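Listed below, chain by chain, are the residues.
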Amino acid sequence: MTQAKELALPQMRATPSTWRRWLAQAETPYALISGLAFFLTWQVAVDAFDFPAYLLPSPLAVLKDLVLSWDLLLSETAVTLFEIVLGFIVSVAIAMPLAILFTYSRTFERLVYPIIVGTQTIPKVAVAPLFLVWFGFGLLPKIIIVTLITFFPIVINAVVGLKSLNMQTVYLAQSMGASPLQVFWRFRLPNALPSVFAGLKVAIVLAVIGAIVAEFVGADSGLGYLIIVAATDQNVTRQFSAILILSVAGILLFGLIGLLERQLLPWHSSVRRDALVDS
Amino acid sequence: MLIKIEDVTKTYSTRNGPIRALDPLSLDIKQNEFVSIVGPSGCGKSTLMMMLSGLVSHSTGRISIAGKPINGPYTDIGIVFQQDTLLEWRTVIRNVLLQAELRKLDMVKYTERARHLLEIVGLKDFENMYPHELSGGMRQRASICRALLHNPPLLLMDEPFGALDALTRDQLNVDLMRFWRESPTTVLFITHSVSEAVFLSDRVVIMSARPGRIEDVVDINLPRPRRLAIRETPQFLEYSRRIGRVFESSGILRED
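Heads up: the sequence lines are chains A and B, in that order. Residues in the first sequence are numbered from -7 upward in steps of one, following the working numbering. Residues in the second sequence are numbered from 222 upward in steps of one, following the working numbering.
The hints are simulated quantities; they were obtained by calculation from the structure and are not laboratory data. Do not take every clue at face value.
[Unchecked claim] Sample of chain A residues facing chain B (criterion: CB under 10 angstroms; computed from the structure): (1) Val162; (2) Pro182; (3) Pro186.
Everything numeric in this text was worked out from a predicted model, so none of it was measured. All residues carry an ideal CB built from backbone N, CA and C; glycine is no exception.
Build the full structure now, drawing on both the sequences and the hints.
Okay, structure coming up:
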């Protein structure tokens, strides 16, 4: 029985020096390098070909706008961010119970699933004007659109995850005297989490799109509103500022979900760095 | 008599009508007896085992364990499947302790026992690792520790070593024998391997293809404790041949 150690797969590879290992594992430096290269190329191109600012402003011009109008941009960002986050939370709150119902009731799934698929085939932009009529310019129509656009990937992925618990594990749980509730909390839900997170990651990116679509259709604040106003003023630089903020916000929100995933699922292959090496 | 199986059958209803998985089958298993079931794929070995646990219902007949009829999940057991069914999100020791958690056993006492079991199978230094960090053999060892944690009077094993390489398989046979010697319990062991069945068992039950029925039961009178070298003795080979002949005479195994 002392052979156990020899039978274990060797986990250790030759140990490189610390900074090398850090470089091999960290992703941020790579993203910084490619991001910097992108903006540099952009700046050089604008300078070299002398693009007029109403067509393509330089990154420096955008940066200047960001710095000078930071208070306005910040307050509009807060509005949009609030819509994104609140809509996302509402979406999760609706999608998760729905996914659980789908998992446990085949009848419910057959009844409701087609309706959900049906609503997903309708472009959200097409119904947004309706919401304007029904719910006005306020927060509510934005939340509804963000929710509508995000909840589909959350439901789909959660259902796949919840259904993926194999029968033997259920048997095992029952042989230990687990109640159906215990099977859910201790086996089915944790087993589904990697899949749930895959859905959440897609959804958070869509949430940003949803909020902007909603603001385009009718709003009196927010980054989407800011873009529309800037477009009518032919202020291209301002539009770029808003787009840049949206992109950064999207990346941060996505990163936040990823961080949560890493904290909750340190065991899962989507999180492990060695996944491709030893599986 | 600990386990009594009397005229038990199993019929599954499918889209193409009922399918009979088991013909009337009777078998008694004594307390602390090690019984193996060998037979071709799909002969209903696993079904029979699951019916003992009450997790799969039997269609007709009676099953009783220690005098109690089985009509629903019977939890006084430990189960090991071919897939180790370790929970990927729990460390090795917490996987083993799951058994104690769900049964609401004294966690302090059983943590000690879990450590003891893991030590026996050489997983002492791995208790805080996640299953994905272990090899297949180590994972299956951990799942055996989980099945034994609460000292179950009945251990059900469904081809537990079927997915392992020959060397690891031998090692686990030895480990299992050691557990069984230290704390004897009734074992129903399902396998494809005749030599594994002879090596481990007091009795080998040979089943036919579907619908499954018992072709023969062979008592293995080899001295215990057995070492792996016993597999080369004439008596051992004779048992293997006898079981092989049953497969041939019943048409389970055909050479031309």
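Supplied contact hint for Pro186 (chain A), tested at 10 angstroms Cβ to chain B: 9 angstroms, holds
If you take the shortest Cβ to Cβ gap from Val162 (chain A) to chain B, is it below 10 angstroms? 9 angstroms, holds
Interface hint for Pro182 (chain A), Cβ within 10 angstroms of any Cβ on chain B: Since chain B brings a Cβ to about 5 angstroms from Pro182 (chain A), closer than 10 angstroms, the hint holds.
In summary, the structure agrees with every hint in the numbered list given earlier.
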